[in-house]
Amino acid sequence: MTNVLFTASECTPFIKTGGLADVIGSLPQSINKTTNSHVKVMLPLYDEIPDHWQTRMELVATINVPVGWRNQEASIFTLEHNGVDYFFISNDYYFTRKGVYGYYDDGERFVFFSRAVIEALPYLNFTPDVIHAHDWQTGLVCAFAKILQPLENLKTVFTIHNIRYQGVMPHTMFGEMFNLSMDHFGGMEWNGMLNCMKSGIFHADKVTTVSPSYAEEIKDPYYGEGLHSLLQERSEDLTGIINGIDTNDYHPLKDPYIVSNYRHSRGKKKENKEYLQEVFGLPVDGEKPLYVIISRLVEQKGFHLVQHILDEFLQEDVQVAVLGTGEGEFEGFFYHAQERHPERLAVRLTFDEKLARQMYAAADFFIMPSQFEPCGLTQLIALQYKAVPIVRETGGLKDTVQSFNEITGEGNGFSFTNYNAHELLEALKYSLSVYHNPIQWIQLLKNVNKSQFSWKESATQYIHLYAEFETANIYSQGVIDVATLDNR
1 MTNVLFTASE
11 CTPFIKTGGL
21 ADVIGSLPQS
31 INKTTNSHVK
41 VMLPLYDEIP
51 DHWQTRMELV
61 ATINVPVGWR
71 NQEASIFTLE
81 HNGVDYFFIS
91 NDYYFTRKGV
101 YGYYDDGERF
111 VFFSRAVIEA
121 LPYLNFTPDV
131 IHAHDWQTGL
141 VCAFAKILQP
151 LENLKTVFTI
161 HNIRYQGVMP
171 HTMFGEMFNL
181 SMDHFGGMEW
191 NGMLNCMKSG
201 IFHADKVTTV
211 SPSYAEEIKD
221 PYYGEGLHSL
231 LQERSEDLTG
241 IINGIDTNDY
251 HPLKDPYIVS
261 NYRHSRGKKK
271 ENKEYLQEVF
281 GLPVDGEKPL
291 YVIISRLVEQ
301 KGFHLVQHIL
311 DEFLQEDVQV
321 AVLGTGEGEF
331 EGFFYHAQER
341 HPERLAVRLT
351 FDEKLARQMY
361 AAADFFIMPS
371 QFEPCGLTQL
381 IALQYKAVPI
391 VRETGGLKDT
401 VQSFNEITGE
411 GNGFSFTNYN
421 AHELLEALKY
431 SLSVYHNPIQ
441 WIQLLKNVNK
451 SQFSWKESAT
461 QYIHLYAEFE
471 TANIYSQGVI
481 DVATLDNR
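Note that UniProt numbering has the sequence shown beginning at 1, numbered continuously upward.
Since the hints were derived computationally from the structure, they do not count as laboratory data. For clarity, every value in this text was computed on a predicted model and none was experimentally measured. Using N, Cα and C, we set each Cβ at its ideal position, and we do this for glycine too. A hint or two may mislead.
Between beta-carbon pairs, the in silico distance windows are [unchecked claim]:
hint : residue 1 : residue 2 : range
1    : Glu299    : Thr460    : 18 to 28 Å
2    : Glu329    : His464    : 22 to 32 Å
3    : Glu80     : Glu406    : 19 to 29 Å
4    : Glu329    : Val60     : 39 to 49 Å
Here are the simulated BS3-like cross-link-like pairs (lysine-lysine), alpha carbons at most 30 Å apart as the crow flies [stated by the list, open to error]:
hint : residue 1 : residue 2
5    : Lys288    : Lys450
6    : Lys288    : Lys33
7    : Lys16     : Lys288
8    : Lys254    : Lys16
9    : Lys219    : Lys354
10   : Lys446    : Lys270
11   : Lys98     : Lys270
12   : Lys456    : Lys288
13   : Lys354    : Lys33
14   : Lys254    : Lys354
15   : Lys354    : Lys288
Work the whole structure out from these sequences, hints included.
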């Protein structure tokens with residue numbers, strides 16, 4: 001069995017700002033259901049973690065963490081939840097604040113946390129064979145593990161969830177905070193700055209990202225955010241593994257937030273639609289096609305395309321419901337578009353988990369025309385709730401949504417190739433024509449019903465990745481026994 005320590009900056013149900021938390025909350029549970037690997041998780045102990053979790057935590061040890069000329073005190077706490085042991089690194093100066101990110105010293109905070117992960121290893125109740133670090137906030141964990149070598153044969157995996165966010169700091173911080181010789185500066189520097197994402201990619205034994213298509217895309221200058229050449233060099237060690245979702249949590253038959261639970265029933269789904277139409281103040285009509293958007297309202301999610309075509313699409317006999325917050329440009333656009341089309345467009349500029357679930361349950365279609373999308377979870381949730389996704393063919397959207405083909409009857413959604421508003425409009429109009437064709441619509445829904453994106457398959461792929469280290473150790477020790485490899 002391979003012991004694995006996940007380290008990340010957020011994790012459901014304790015603290016969440018985005019999809020990273022969902023991954024760290026679900027993937028270890030799925031891996032631990034097997035007998036091949038065992039995962040524990042280490043996180044910062046933010047002040048924002050609710051008290052009902054903090055009161056359950058037990059103190060493991062208090063340690064000193066070198067940060068430049070200072071020694072910062074860190075307390076290690078633990079608790080068990082859903083078959084996973086969690087460790088939390090506490091420090092009043094860095095983590096007793098409101099919110100998770102957005103502070104001027106975020107770089108310093110995660111330098112501290114990354115070093116604290118390494119310093120904490122002797123005090124844990126297990127010895128990891130692999131440290132699996134996630135996104136820029138823990139990229140330096142891979143560097144410290146490689147440089148300090150705290151455990152014999154310790155291997156590292158670094159997962160890129162979104163390469164756009166890299167954790168860039170002034171190069172002067174290396175001398176001020178890292179307690180390392182200048183020999184190691186080159187492995188962390190990129191374009192004259194310290195770069196935590198680069199550090200993880202450079203130092204990790206294996207690099208993964210959250211879909212096969214994104215793994216290919218980030219080796220290209222358009223998607224690689226300046227790190228494409230490094231990823232090309234690490235190409236043989238780079239793997240794309242699609243994310244999953246917690247299908248027990250996101251399940252329309254069990255969801256406590258929706259008004260009419262269902263497995264595949266379109267009649268029950270229509271009841272959810274009529275309820276949502278009342279909530280949003282739209283004309284109640286269960287036969288009218290309902291398109292929903294649930295998203296951060298930011299450029300990455302493709303809203304410049306939506307701006308160009310929404311008024312034209314709303315000339316059709318459809319309804320569109322939008323939920324999200326984000327950049328002022330897009331919030332203002334949707335607010336004013338709603339004023340122009342009050343019978344066909346309803347907008348809520350907030351985020352509400354309960355309302356989001358009700359929208360998934362009500363929707364006929366889910367719109368997600370992203371400029372880029374490492375994996376995407378919302379299209380997977382939409383499929384789980386039997387809403388047909390309409391996406392651009394990029395990253396994980398390309399890997400999870402196959403465009404419907406009226407000739408072959410294959411496909412579980414609609415997609416378009418280029419980042420082009422006209423192509424989005426054509427995909428929307430095609431979806432509407434299929435909706436009004438009973439034979440095609442029934443076939444499409446059958447395909448949607450077959451779409452499954454639980455964590456089981458993804459967990460298996462990660463287990464195989466960890467097992468490659470075990471196999472490599474066997475070979476390096478000169479024990480090349482086929483029976484040993486087959487029965488490990």
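So, going through the hints one by one against the coordinates:
1. Glu299 with Thr460: 18 to 28 Å: Given about 35 Å between the Cβ atoms, the range is violated.
2. Glu329 with His464: 22 to 32 Å: violated, 44 Å
3. Glu80 with Glu406: 19 to 29 Å: 51 Å Cβ-Cβ, so the 19 to 29 Å window is violated.
4. Glu329 with Val60: 39 to 49 Å: holds, 47 Å
5. Lys288 with Lys450: The given pair, whose Cα atoms are some 24 Å apart, holds under the 30 Å limit.
6. Lys288 with Lys33: Violated - the C-alpha atoms of Lys33 and Lys288 are around 43 Å apart, more than 30 Å.
7. Lys16 with Lys288: With Cα atoms ~35 Å apart, Lys16 and Lys288 exceed 30 Å; violated.
8. Lys254 with Lys16: holds, 22 Å
9. Lys219 with Lys354: violated, 38 Å
10. Lys446 with Lys270: The given pair, whose Cα atoms are some 17 Å apart, holds under the 30 Å limit.
11. Lys98 with Lys270: Not OK: Lys98 and Lys270 at ~41 Å, beyond 30 Å, violated.
12. Lys456 with Lys288: Roughly 36 Å between the alpha carbons, so the hint for Lys456 and Lys288 is violated.
13. Lys354 with Lys33: Holds, at roughly 29 Å.
14. Lys254 with Lys354: Holds - the C-alpha atoms of Lys354 and Lys254 are around 14 Å apart, at most 30 Å.
15. Lys354 with Lys288: holds, 23 Å
Violation of the numbered hints given earlier is confined to hints 1, 2, 3, 6, 7, 9, 11 and 12; the remaining hints are satisfied by the structure.
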